Amino acid sequence: MTHAPERITLEEWDVQYEKLHRAGMREPRYGGPLSRHVEDGDHRLGRLRYDNSAAALRLWNFLLTEEDRLHEARAAGNKIVGTMKDLGTVPVMAYCFDNVTAFYPDGAWWIPCVMEGSDGSLEVADSLGIDESFCPVRAMLGAFVTGAHFPIPDMLICSVGATCDDFSAIAQRLNGLGHPIFWWEIPHRRCPERDEAGVILPGGLTAPKSQVEFVESELERVKAALEELAGARLDDERLSAGIAQANRVRQYLAELRNLAFTAERCPLPALEMLIAEMLAIHFCSDRPETIAVLGELLEEVKVRANAGLGVLDAGAARIFWVNPVADLQVMNLLEDCGGRVCGTEYLFTHALDAIPQDVPPLEALARCALADPMAGSSIDRAERICADVRRFGAEAVLISRIPGASHCALEGQVISEVVAEQLDIPVLEIEVPPVTDSMSATLRTRLEALVETARCRRRTTQGIRRSG
Amino acid sequence: MKTIIYTCPYVPAEWIAAHGLHANRLLLGRVDSGFSPARAEGVCPYVRSFIGEVMNNKGADGVVVTTVCDQMRRAFDIIVRHCDIPVFLMNVPSTWQTLAAQKLYVDELKRLSGFLVGLGGKSPSKDTLAQTMLDYDDTRTSVRLAREHLSARRFAEAIAAGGSFKGEAFGDGSSGSGHPQPIRQAQGSAALEAATLRVPLAIVGGPLMRADLDLFDMIEQSGGRVVLDATETGERGMCPKFDRRRLREDPLPELAHAYFAGIPDASRRPNNELYRWLKRELADRAVRGIIFRRYVWCDLWHAELGRLKDWSDLPVLDIDSAGDNAMDLPRIQNRIRAFLEMLQ
Chain A
1 MTHAPERITL
11 EEWDVQYEKL
21 HRAGMREPRY
31 GGPLSRHVED
41 GDHRLGRLRY
51 DNSAAALRLW
61 NFLLTEEDRL
71 HEARAAGNKI
81 VGTMKDLGTV
91 PVMAYCFDNV
101 TAFYPDGAWW
111 IPCVMEGSDG
121 SLEVADSLGI
131 DESFCPVRAM
141 LGAFVTGAHF
151 PIPDMLICSV
161 GATCDDFSAI
171 AQRLNGLGHP
181 IFWWEIPHRR
191 CPERDEAGVI
201 LPGGLTAPKS
211 QVEFVESELE
221 RVKAALEELA
231 GARLDDERLS
241 AGIAQANRVR
251 QYLAELRNLA
261 FTAERCPLPA
271 LEMLIAEMLA
281 IHFCSDRPET
291 IAVLGELLEE
301 VKVRANAGLG
311 VLDAGAARIF
321 WVNPVADLQV
331 MNLLEDCGGR
341 VCGTEYLFTH
351 ALDAIPQDVP
361 PLEALARCAL
371 ADPMAGSSID
381 RAERICADVR
391 RFGAEAVLIS
401 RIPGASHCAL
411 EGQVISEVVA
421 EQLDIPVLEI
431 EVPPVTDSMS
441 ATLRTRLEAL
451 VETARCRRRT
461 TQGIRRSG
Chain B
1001 MKTIIYTCPY
1011 VPAEWIAAHG
1021 LHANRLLLGR
1031 VDSGFSPARA
1041 EGVCPYVRSF
1051 IGEVMNNKGA
1061 DGVVVTTVCD
1071 QMRRAFDIIV
1081 RHCDIPVFLM
1091 NVPSTWQTLA
1101 AQKLYVDELK
1111 RLSGFLVGLG
1121 GKSPSKDTLA
1131 QTMLDYDDTR
1141 TSVRLAREHL
1151 SARRFAEAIA
1161 AGGSFKGEAF
1171 GDGSSGSGHP
1181 QPIRQAQGSA
1191 ALEAATLRVP
1201 LAIVGGPLMR
1211 ADLDLFDMIE
1221 QSGGRVVLDA
1231 TETGERGMCP
1241 KFDRRRLRED
1251 PLPELAHAYF
1261 AGIPDASRRP
1271 NNELYRWLKR
1281 ELADRAVRGI
1291 IFRRYVWCDL
1301 WHAELGRLKD
1311 WSDLPVLDID
1321 SAGDNAMDLP
1331 RIQNRIRAFL
1341 EMLQ
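Going down the list, the sequences are from chains A and B. Be aware that the first sequence starts at 1, since it is given in my numbering, and climbs by one per residue. Be aware that the second sequence starts at 1001, since it is given in my numbering, and climbs by one per residue.
If you are wondering where the hints come from, they were derived from the structure by calculation, not from laboratory data. Note that the coordinates shown come from a computational prediction; the quantities given were computed from them, not determined experimentally. Quick reminder that beta carbons are idealized off the backbone N, C-alpha and C, glycines included. Please note that a few of the clues may not be correct.
Unchecked claim - In silico lysine to any residue, SDA-like type, Cα no more than 25 Å apart, as pairs:
#1 B:K1241 - B:K1309
#2 B:K1309 - A:A224
#3 B:K1110 - A:H179
#4 B:K1002 - A:E193
#5 B:K1126 - B:G1020
#6 B:K1309 - A:H179
#7 B:K1126 - B:T1003
#8 B:K1103 - A:S210
#9 B:K1110 - A:R194
#10 A:K209 - B:K1002
#11 A:K302 - A:D313
#12 B:K1110 - A:N175
#13 B:K1110 - A:E196
#14 B:K1309 - A:G129
#15 B:K1122 - B:V1080
#16 B:K1103 - A:E363
#17 B:K1103 - A:E216
#18 A:K19 - A:Y30
#19 B:K1110 - A:S210
#20 B:K1110 - A:V199
#21 B:K1309 - A:D126
#22 B:K1110 - A:S217
#23 B:K1309 - A:G120
#24 B:K1002 - B:G1262
#25 B:K1126 - B:G1262
#26 B:K1122 - B:S1142
#27 B:K1002 - B:G1020
#28 B:K1279 - A:V15
Claimed, not checked - One side of the interface only, derived from the structure: several residues of chain B facing chain A at Cβ under 7 Å:
#29 G1042
#30 T1067
#31 D1070
#32 Q1071
#33 D1077
#34 D1084
#35 S1094
#36 T1095
#37 L1099
#38 A1100
#39 A1101
#40 L1300
All chains should be built: construct the whole structure from the sequences, respecting the hints.
Dropping the structure here:
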């Protein structure tokens, strides 16, 4: 750590970049000033606030150069696999092959935000009958049609069954446009019946052994398809080694989350934490580099936490965030309103929990896939949220609805009810479209109200404690 | 007799009836749920009505919900928390080609059996199940044979009544005994002759609600007639004819095969069987136009609209519904009239 931690603008990053360079900062080959990405059309970057560390710079540059990496991988003869929907399971397998690069085309849902709608991907989706009543992930359809973002994958693998209808429907539309998809089934996770054997999943949930076996058989099909594409066998030893590498990523993230969410002063802004967590799902198309990026970020956070330094006021309201936001700027907005993120559930907790290493590797991945919060009930999800709220000491829960998403229409109420029953803390639900500029005043008011309520309750609780 | 309510075509009525229970596949009314989550923005009107129906239902002893659509899957979470009626969530796989997916469906039927037994049902012998399947098969055959003698609306009502829909929706056609009844009413020959002069249309989409049956009248009044009801509550959602040899050998696998493999739907992955079925039926019935009926916020069907337009040479009319009859009707009426004027 060479500078006092703070959140800075993109313009300020240019100055900071020069300072870091003069101080001898060494960058990876994808490095450079952040502002250069705006010239590529990433206009939203100009409106965000960033952590000022070299580690954060590396994180951002790693994220924003993924398309280049995918094109380079294609040019180098690698097979490109588009893994869809399962968020964190199939890439663990795919990255065990030397000549396969996997990524989530689903990530295109941030394109309308980052490019502030200038790329036209949503308009393309509109023209294909996938309008704004669908989740912003419809931008993926536009990205496939224009071919302007990622290379068209050699193979598409998509989980279906207990998933959201938006994605399933959009993927089927994509399939109908001539992009064949390898579908694999993820059943709705349920509790074992009285006479059924159960298996404990990562994260602590239990599922029937028969469901784990079924998912394992589905993943066996996926493995066979990948083997055929790669022209190589994937044995247990190699898959286990891949799981161990994925667990290194997850271990770093577990430490990072623990420090970022529990330190007295917030050592890393919510936006950088969101991006760091996202790396877990497909390693941003480069697994070794993901480990290096997270390692550096963790070191920075450790130094800050040990020194009692942070990017926000010590009294920031501690908010647990549910669902990823379509507009990244809203993560900044919460902090601008006096809040800090203390716990997250971005729909991929199963990509953060350690993959078991004491069972056969394919079974381990099956357990992991079944732990997907989307595969189970909203009640299970709410229970996990409550457990993590307690663990990280959050004072309020913020649910950000994804516009049009099939799961958001009903689950918010269930989560709110369960949180209220178990924790008696405030819950606020907001809806976040890809670009929130026209509604930022409303959003700010709602977030301020949540922060004020959390702080007010803190004072009341402290008062009761003192008087008691 | 205890009553089990459900809406999904992948729940075999025979399986429930063979347990000695009354299988009541609901043809939903527009029950606007008074329950606040079901009124939330983004909730499909059909799901909202289903939640409302379950919450208000006084006669049901059990509810079966399936995972065929995500909102229904999540409706289970609402119902299980706020309703005293026992509820069962049946996992219906989206993929259908693999033996593992087919076995998963059979296993879910067996788990459903446990739920039904828990409600007082009796696990059926092979003979009981086989006989129940034959009864239902005969009724569905008579319904299919009656198609050419009934108006489109009456045919839709006959499917509903014969396919174990809620009988009281129609006043006749259901015995209330849990077993289907044969078709009794037929259209006069003069009316049928007049009907053949109208433009033959298909109606394609998810489930209709009771009030939606007015659509058939509306289409007839505008000079068309529905010759193919490819909605979930129509012919498309009917279980195909059983293979009687396999049925006699072992009825449960045949029941599972007929339902799981025989009902084409937008939710299947891939859903090319839906288009294969449509291609055949549209040609057989000499359909000249398609009315595409969908609910606002139903992603599964909404996404098919563009594909259907690309796929079909026939004109397609999109009729969306927010579940508000008063608001919907005049608009729908105008659109149907204009569509038929173009086709006549």
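- [ ] Measure nothing beyond the straight line between the CA atoms of K1110 (chain B) and S210 (chain A); if it is 25 Å or shorter, mark the hint as holding.
- [x] Distance ~13 Å between K1110 (chain B) and S210 (chain A) Cα, so the pair holds.
TODO: Verify the interface restraint on G1042 (chain B): the C-beta must sit less than 7 Å from at least one C-beta of chain A.
DONE: holds (4 Å)
Task: Pair hint K1241 (chain B) and K1309 (chain B), alpha-carbon separation not exceeding 25 Å - done: Measuring from Cα to Cα gives roughly 30 Å; hence the hint is violated.
Open item on the list: With the threshold set at 25 Å, check whether the alpha-carbon distance from K1309 (chain B) to H179 (chain A) stays at or below it.
Closed with: holds (18 Å)
Task: Agreement of K1110 (chain B) and H179 (chain A) with the hint, judged by alpha carbon distance not exceeding 25 Å - done: Answer violated: K1110 (chain B) to H179 (chain A) is near 37 Å, above 25 Å.
TODO: Given the hint that K1122 (chain B) pairs with V1080 (chain B), test it: the Cα-Cα distance must not exceed 25 Å.
DONE: Cα-Cα ~24 Å, so holds.
Task: Straight-line alpha-carbon gap K19 (chain A) to Y30 (chain A), limit 25 Å - done: Cα-Cα ~19 Å, so holds.
Open item on the list: Check whether the Cα positions of K1110 (chain B) and E196 (chain A) lie no farther apart than 25 Å.
Closed with: holds (13 Å)
- [ ] Would you check whether D1077 (chain B) satisfies its interface hint, that is, whether its CB is within less than 7 Å of any CB in chain A?
- [x] The hint holds - D1077 (chain B) has a Cβ within 7 Å of chain A, the shortest such distance being about 5 Å.
Task: Interface restraint verdict for D1070 (chain B) against chain A (beta-carbon cut-off 7 Å) - done: Holds, about 4 Å.
Open item on the list: Let's test the interface hint: is any C-beta of chain A closer than 7 Å to that of Q1071 (chain B)?
Closed with: Hint holds; Q1071 (chain B) Cβ to chain A Cβ min 6 Å, cut 7 Å.
Open item on the list: Using the nearest Cβ pair, does T1067 (chain B) come within less than 7 Å of chain A?
Closed with: Holds: closest Cβ of chain A sits about 5 Å from T1067 (chain B), inside 7 Å.
The structure fails hints 1, 2, 3, 10, 12, 24, 26, 28, 34 and 37 (numbered hints given earlier, in ascending order).
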